Amino acid sequence: MGDYILLAVGAILVNNILLIQYLGNCPFLGTSKSMDNATGMAMAVVFVLAMAGIVTWIMEAVFLKPLGLEYIRTIVFIVVIAALVQFVEIFMKKSMPALYAGLGIFLPLITTNCAVMGVCLINIKEEYNFLEMLVSSLAYPAGFGLALILFAGLRERIIIGRVPGPLQDVSIALVTAGFMSLSFLGFKGMI
Amino acid sequence: MLEALLLMLALGSVSGVLLGIASKVFYVWEDPRIALVTDCLAGANCGGCGYTGCGACAAAIVAGQADVGACIVAGAGGAAKVAAVLGLEAGAAEPLTSQNTCTGGFRAPEKFSYMGVNDCRAAYLLYAGAKDCAVGCLGFGSCVKACLFGALEIGPEGFPVVDAEKCVGCGACEKACPKGIMQVTKPSDRILHMNLVDDRLAPCRQTCPAEINIPKYIHHIKNKEYDQAYLTIMERNPLPLSTGRVCPHPCEDACRRALADDPVSINQLKRFCSDWVFDNAAQVKIPVAPDTGYKVAIVGGGPSGLTAAYFLRRLGHQVKIFEWLPEFGGMIYYGIPEYRLPKAILGKDVKRILDLGGIDVKTGVKFGVDFDLESLVGGGFDAVLMTIGAMNHASARIPDEDKVKGVIPATTYLRRQGLGDPMPIGKKVGVIGGGNVAMDCLRSSIRLGAEKVYCLYRRTIKEMPANQVEIEACKHEGIEFVTLCTPTKFLTDDEGNLTGIEYLKNELGEPDASGRRSPVAVKGSETVIEIDNFILAIGQTTDSAFADEEGTAVSRLETKWGAIMNDPDTHQTAIPYVFTSGDCAGPPGLLVAAIGAGRRAARGIHKYLMGEDMAMPENRLRVDPRRMSGHIPGTMFKSIEGIEKKGRIEQPELEPGTYERQHTYAEVDLTVTEEEALKEANRCMHCCLTCYDKDA
Ligand code: SF4
Ligand code: SF4
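If you read the protein sequences in the order shown, they are chains C and E.
Heads up: the first sequence begins at 1 in the numbering used here, then just goes up one per residue.
Heads up: the second sequence begins at 1 in the numbering used here, then just goes up one per residue.
These are calculated hints, taken from the structure and not from any lab test.
Be aware that one or more of the hints could be misleading.
To be verified - Pairwise CB distance ranges, derived in the manner of DEER restraints:
hint : chain 1 : residue 1 : chain 2 : residue 2 : range
1    : E       : R627      : C       : M96       : 22 to 32 Å
2    : E       : R627      : C       : G153      : 45 to 55 Å
3    : C       : M96       : E       : Q65       : 21 to 31 Å
Said to hold, decoys possible - Here are some chain C residues the structure puts well away from chain E; computed CB gaps all over 12 Å:
hint : residue
4    : F47
5    : V80
6    : Y100
7    : E126
8    : E132
9    : S171
Said to hold, decoys possible - To be clear about the criterion: a stretch of chain E counts as covered by chain C if any three or more of its residues have a C-beta under 8 Å from a C-beta of chain C, and this derived list gives those stretches:
hint : segment
10   : 3 to 10
11   : 108 to 119
Predicted model only: the values in this text are computed from it and were never measured.
For every residue, glycine included, the Cβ atom is placed at its ideal position computed from N, Cα and C.
Isolated chain C (complex conformation) (with noise of 0.2 Å):
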């Protein structure tokens, strides 16, 4: 048990996909402009995260590992991710139409999304077992959601405050995002 909290407690603080991996920067800086946006997208990535380390997890145990295909993991991936999101995108406007307008367009968004992928390839690489793939496909994308949500408090205060013209919108952010990165490095000692 212990181990688990651990793991998450790592997934979400100390290794932060966001602030600490520098993966999904793209939908870091694009869905922050507005709180909205940002939980939005926040749900989003959980949701799909979830499914993909999944299903990733279970291509790489039974097709990828026994054939010793691991060469082309990266582009079976690519593969698997897009159809997936496609699928869940198709199942969800018919059975979940009120979920489906909530995600409306961050769906199709997190196709593209790095650190979906990222995910998914750690826990190849940290050789998770199933249950330990599980945690950490939810623990990863709370913690993006946790550094897109502050980011986005931010930003929003930030719009409003003085900054000098050359520094304006995405320049003043990405050296917030710096600074949110340097205080996420405090975390390093935890564990």
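Given the structure of chain C, go ahead and fit chain E with the ligands onto it with the hints provided.
Only chain E with the ligands this time, still in chain C's reference frame:
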């Protein structure tokens, strides 16, 4: 290597097949036009339209919730393509524009001095900003920063100014403003908007029954933008030339400047800028919404009917007006004499309305005789507005009043004049009544050649409901007032011709419900005056006898003392598709009230046709201009200080006693000169709720 290839192949085909199956199994029917419309949009998924992505926007457009130009990024070209897909006409789509609704700016007092970040939203976080006025502009220009098109700037007076040319109506400023001051609206939204308790309204603007934006048009006059001033009036009142001449201007009674010296001469300014537009043949463009496909019949081409026709047309409906008499204008054509409102002037107002296009007219047909509700419905009309006015006269309860030769109802008397065939009258004429109609009869009688004209009234001059200026004019023209009298008997010669009238003197008793002291006749005070004609001008009623006929659709209408009852907010009657407004819907009133009612009726009909909620907003402002009550709390001051006294301009008029004034129908009141108009416009303090220009 082979395994890799095979695996990829398998993976590809499995995914493909699965997705293919999924899209069949989980198929959701979607309007094929949504996909077509999506292709016309910019595809940037920017959310600028307010929907989550282009797909959602396209769905909204197809569902009719968003208009074809919803996608800002795709611009006009995109809108045209979308319109082509939907088979609509794009060019006619209504332009959205941003408007600043606060004119306080620097002059508005502050509660404390704010020294934080120069941004409205930041300032708003601290006690809703430093401005004393709860709804006032903070002036840090968050809206200006939000505008991607450079259409806004903070003007010299400390509030944002919109450059209408550059504004594309994206609504960014509206979202950015924490105080809801920037409002992005279509012309139709503005037509449908009724004054609300939480709008930023000057006292005059709250009081005007037609809800005209008075400070705005006076401001335009001040800047010599007379055409803009005219257009501002036309947003609320399509008969400005006429109103500018005959309106008793209740707005002036509420004018804040009156607390310092005299009220601003608002109505003269209205008359001036409207005259200027016509005299200079200025081009004015009045926007009309795209066609809705609905047809509305308007029965009666009086002020209320014309107003409703104008606004319904501007909201995109097809309109047809049915008028019984040969000319449009109803009571203001047939009731108000030429010397007060020349027919040619009224004609210009009417022409401007009919020139909108899409308004059909038919004159010489009478409701209940030539056509009825059944034939209108059969003729494809989706709604009917009855504005048949009040053309019957009320009785004075003098025995034999409809038998004696020489007793004439005011409506007939004035209408015959309007038709160009005045009734022959004798040398001595008496008129009973104290309203504006009575004044019109008195002053016309002078012009028709009467030598002695008496005004009989049961109370005193002070209690007369007529406009003060009219009473003055009567005195100038030598009319004799016989007040505190109750006519009791007509005196006739052997052939039944009127020779005189006997009346009792009155005393004023206790105040009645309306607060006026009611007259009581004094016994034994009989007096006789010799007259040849007697005109009954004590009120009018609606001829709604057609509603009594059993078995017709129209019999379902409810009437009360002739008036056709309606819901005073929506103007809907007991028959859902029938609406009434103007004099026929209640006690006859002012021209400007009929105009206000015409717009409300247009709103009711529009909401009814479009299937929208017809109820008025809860927070609608309801001011009673007669009692001067119902204003937004805290906006009617007791006194104002520091205003330099500058008297108002005079009303120019034809010299009393001249031949022209006494014996012709030449217009008596004249339009002020440009110089005077500017002088008067500069007296306006451009008030808002609580602040105003102290050095106006
Ligand atoms: S309109 Fe609103 S956002 Fe613009 S300056 Fe005034 S308070 Fe600020
Ligand atoms: S932000 Fe949009 S709506 Fe506001 S002024 Fe600019 S263009 Fe107009």
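Hint check against the structure, violated hint numbers in rising order: As far as the earlier hints go, 1, 5 and 6 are violated by this structure, in ascending order.
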